[in-house]
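Please put together the full structure from these sequences, using the hints given.
Quick note, the sequences are listed as chains U and L, same order. Per this note's numbering, the first sequence starts with residue 1, numbered consecutively. Per this note's numbering, the second sequence starts with residue 1, numbered consecutively.
If you're looking for bench data, these hints aren't it; they were derived computationally from the structure. Note that the structure is predicted; figures quoted are calculated from it, not measured. Careful, some of the hints might be misleading.
[Said to hold, decoys possible] Okay, the calculated bits of chain U under chain L, using three or more residues with CB under 8 angstroms as the criterion:
| id | region |
| --- | --- |
| 1 | 7-14 |
| 2 | 102-109 |
[What the hints assert, rightly or not] In the DSSO-like style, the derived pairs of lysine-lysine whose C-alpha atoms are separated by at most 27 angstroms in a straight line are:
| id | chain 1 | residue 1 | chain 2 | residue 2 |
| --- | --- | --- | --- | --- |
| 3 | U | 111 | L | 253 |
| 4 | L | 75 | U | 103 |
| 5 | U | 111 | L | 6 |
| 6 | L | 52 | U | 256 |
| 7 | L | 52 | U | 111 |
| 8 | L | 52 | U | 103 |
| 9 | U | 256 | L | 275 |
| 10 | L | 103 | U | 256 |
| 11 | L | 29 | U | 111 |
| 12 | U | 255 | L | 29 |
| 13 | L | 253 | L | 275 |
[Claimed, not checked] Among chain L residues calculated to face chain U with C-beta under 8 angstroms, some are:
| id | residue |
| --- | --- |
| 14 | 53 |
| 15 | 96 |
| 16 | 97 |
| 17 | 98 |
| 18 | 102 |
| 19 | 168 |
| 20 | 235 |
| 21 | 238 |
| 22 | 240 |
| 23 | 271 |
By construction, the Cβ of each residue, glycine as well, lies at the ideal position given by its N, Cα and C atoms.
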Amino acid sequence: MTRLLYIEWIKWRRFRPFQILICLYTILFFLICFGLDDIILDKVIGDLTMGNYSSSVILEEYNPYKFPFAWHTFAFIGKFFKILLAILIINIISYEYQNRTFKQNIIQGLKRGEYLFGKFILVFLLSTYSTLLVCIAAIIGGLSHSTISEINFYENSYYLFLSFLNTFTYLSLSVTMGVIFRNTMTAFVILMLLWFPGDMLWLFIIPENFNMYRPFEVIDELLPFTIHQTSVWKLITVSICYQFFYWMVSYFKMKKDLT
Amino acid sequence: MKNILKTYALHKNFGLHSALKDLNITIPKSSVYAILGPNGSGKSTTLEILLKALRPSSGHFEWLDRKPKFNYLEKVGAMLEQPKFYMYLNAIDNLAIIAKIKKVSNNGVEESLKKVGLFNRRFDSLNTYSMGMRQRLGIAAAIFHSPEVLILDEPTNGLDPEGISDIRNLILNLSKDGLTIILASHLLSEVQMVSSHVCILKKGTCLYEGNISEFINSKENIFQLGSSNLDNLNVALVNFNKLNKIEKHKSGKYFIVHFNKDVFPDDISNYLAQKGVFLNHLVRQHFSLEDEFIEILKN
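Take a look at the structure:
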């Protein structure tokens, strides 16, 4: 375990795309979270303004930057940035295939399962990192917008876990794409195509009752804009099933020859 | 001599093309075993199967003194054609990754880098290395953890003459220490200089396997013979009872004559003197693997 972690660490700490994408991810996330909060607030308040409530009352009651809403707000913002991490993961997997270092690793005695487990650790750490950023942002944002007396700190904090699952499921799929297509551009374009028209296609294939469980819909529904349409436990179970499926596909694809 | 590795009817197909057909080889311990063949004869395929990078289509191989559940690849140092590294990392980091993969300490790293002459460049990114230097690093990567078996695919590819001679000496020294070395090459002169056993491959079929000295000595003696009067020489030689074959060299200045194994220069000059033919050119042509190799491939 620590051995595989150490291998991944030496491999990628000086990898330019790794450094760039992680920095970009961190900076952009905080920029959007705190640089644009006025605009976001205006937009949200605009959408919510209705009936007899004046916008200031709504802002007082439902300010998305306040606890307990902050957890959900920042997790929701965070979910759009996971695409940068997906690019990173696909890039890493493609690099190892195209530069033949994957083959070299196997020749030197790394088992295929160990190799994939290294990638699992990497995905786990990246998801943890993204969750950590959401957590930091939520704490900073939440504390600065709430008054101490009304803080209900732990309510809704399960959104952190959902945020982790959201990123983890998506990155697992990215690993599978990378393993199957072995090329950054192809893998990324196909991932995007599966997302947009692809996700619509499922509507015709699977029965209506299960529409909620389309691969990308599940990922998306974990962190919806307003409230969950389906029970959270169902979503969590289904997304873990998907993760298992993605890793299995990667493993069996990897079992084949290396040429 | 104890054997270390045995293959049983290895086959490998790439689509319809079969790269390896019914390969049965036995590799003795502490030998320098050369797999020899022209391009596309299945040398690299064989090595990649031994290294688990390819799966044979049928057949299997086994390491003979292997304990159960033992990952032998950790005891094998390998360098395949054009070794692949993480190009943005330096030599030390690349070898550290390999050490972790093989679960060995990286104590031998600096010494092996000195052996291949890369010690001064060890902290430079591999992007700045020349092709020959990457090749040398490949060899350092194969030997730094003092493996029991060394597998090298075209180890001298892309090296300058000095590098080639360094590698040759390195192989000979390592083999003296008891290492088993499996080597693929199409450079026959190379193989002749370092190896003890040879397997000749053509289109995936093994044409000859065995001890290299037996292989060379089992054949005839070859001489270049010239005289001021070639016609007389020809007539005299044709009557020599231990003659196998006679042909004129392309230059037309002398004959290339194949005699039985037990014929020596003094026998020839003695015989010819008796016939009144005197030689102005007598060279014993050292039998080379190259000729035999080309000969075998033709048939």
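Quick rundown of the hints versus the structure:
Remark: the region 7-14 of chain U is confirmed as covered by chain L, as 4 of its residues place a Cβ nearer than 8 angstroms to a Cβ of that chain, reaching the required three. Restraint check on the region 102-109 of chain U versus chain L: 7 residues with Cβ-Cβ distances below 8 angstroms, three needed, restraint holds. A hinted pair counts as satisfied when its Cα atoms are at most 27 angstroms apart, and residue 111/U with residue 253/L does not qualify at roughly 62 angstroms. Restraint check: the Cα-Cα separation between residue 75/L and residue 103/U comes to about 17 angstroms, which is no more than 27 angstroms; the hinted pair holds.
Distance check on the hinted pair: residue 111/U and residue 6/L sit about 22 angstroms apart at the alpha-carbon level, within 27 angstroms; holds. Using a Cα cut-off of 27 angstroms, the hinted pair residue 52/L and residue 256/U holds, with the two alpha carbons roughly 11 angstroms apart. Our distance criterion of 27 angstroms between C-alpha atoms is met by residue 52/L and residue 111/U, whose separation comes to about 10 angstroms. The straight-line distance between the Cα atoms of residue 52/L and residue 103/U is roughly 10 angstroms, inside the 27 angstroms bound, and the hint therefore holds.
In summary, the hint linking residue 256/U to residue 275/L is not supported, as the alpha carbons are separated by about 71 angstroms, beyond the 27 angstroms threshold. With a C-alpha separation of about 25 angstroms, the suggested pair residue 103/L and residue 256/U falls inside the 27 angstroms cut-off, and the hint holds. Among the hinted pairs, residue 29/L with residue 111/U is consistent with the structure: their alpha-carbon atoms are about 26 angstroms apart, no more than 27 angstroms. Restraint check for residue 255/U and residue 29/L: not satisfied, since their Cα atoms lie roughly 31 angstroms apart, outside the 27 angstroms limit.
Taken as a hint, the residue 253/L and residue 275/L pair is honoured in the structure, with Cα atoms around 20 angstroms apart against an allowance of 27 angstroms. Satisfaction of the interface hint for residue 53/L is found here, the shortest Cβ-Cβ separation to chain U being roughly 5 angstroms, below the 8 angstroms cut-off. Given the 8 angstroms rule on beta carbons, the hint for residue 96/L holds: about 6 angstroms separates it from the nearest Cβ of chain U. Interface restraint check for residue 97/L: the shortest CB-CB distance to chain U comes to about 5 angstroms, inside 8 angstroms, so the restraint holds.
The beta carbon of residue 98/L comes within 5 angstroms of a beta carbon in chain U, closer than 8 angstroms, and the hint placing it at the interface holds. For residue 102/L, the suggested interface contact is upheld, since its CB lies about 5 angstroms from the closest CB of chain U, less than 8 angstroms. Taking 8 angstroms as the C-beta contact cut-off toward chain U, the hint placing residue 168/L at the interface is violated, the least distance being around 23 angstroms. Restraint check, residue 235/L versus chain U: the minimum CB separation of about 60 angstroms is more than 8 angstroms; hint violated.
A cut of 8 angstroms between beta carbons decides the hint on residue 238/L: the least distance to chain U is about 56 angstroms, and the hint is violated. Checking residue 240/L against chain U by beta carbon gives a least distance of about 55 angstroms; that is not within 8 angstroms, so the hint is violated. For residue 271/L, the shortest C-beta to C-beta distance to chain U is roughly 58 angstroms, which exceeds 8 angstroms, and the interface hint is violated.
Going through the hint list in order, the structure does not satisfy hints 3, 9, 12, 19, 20, 21, 22, 23.
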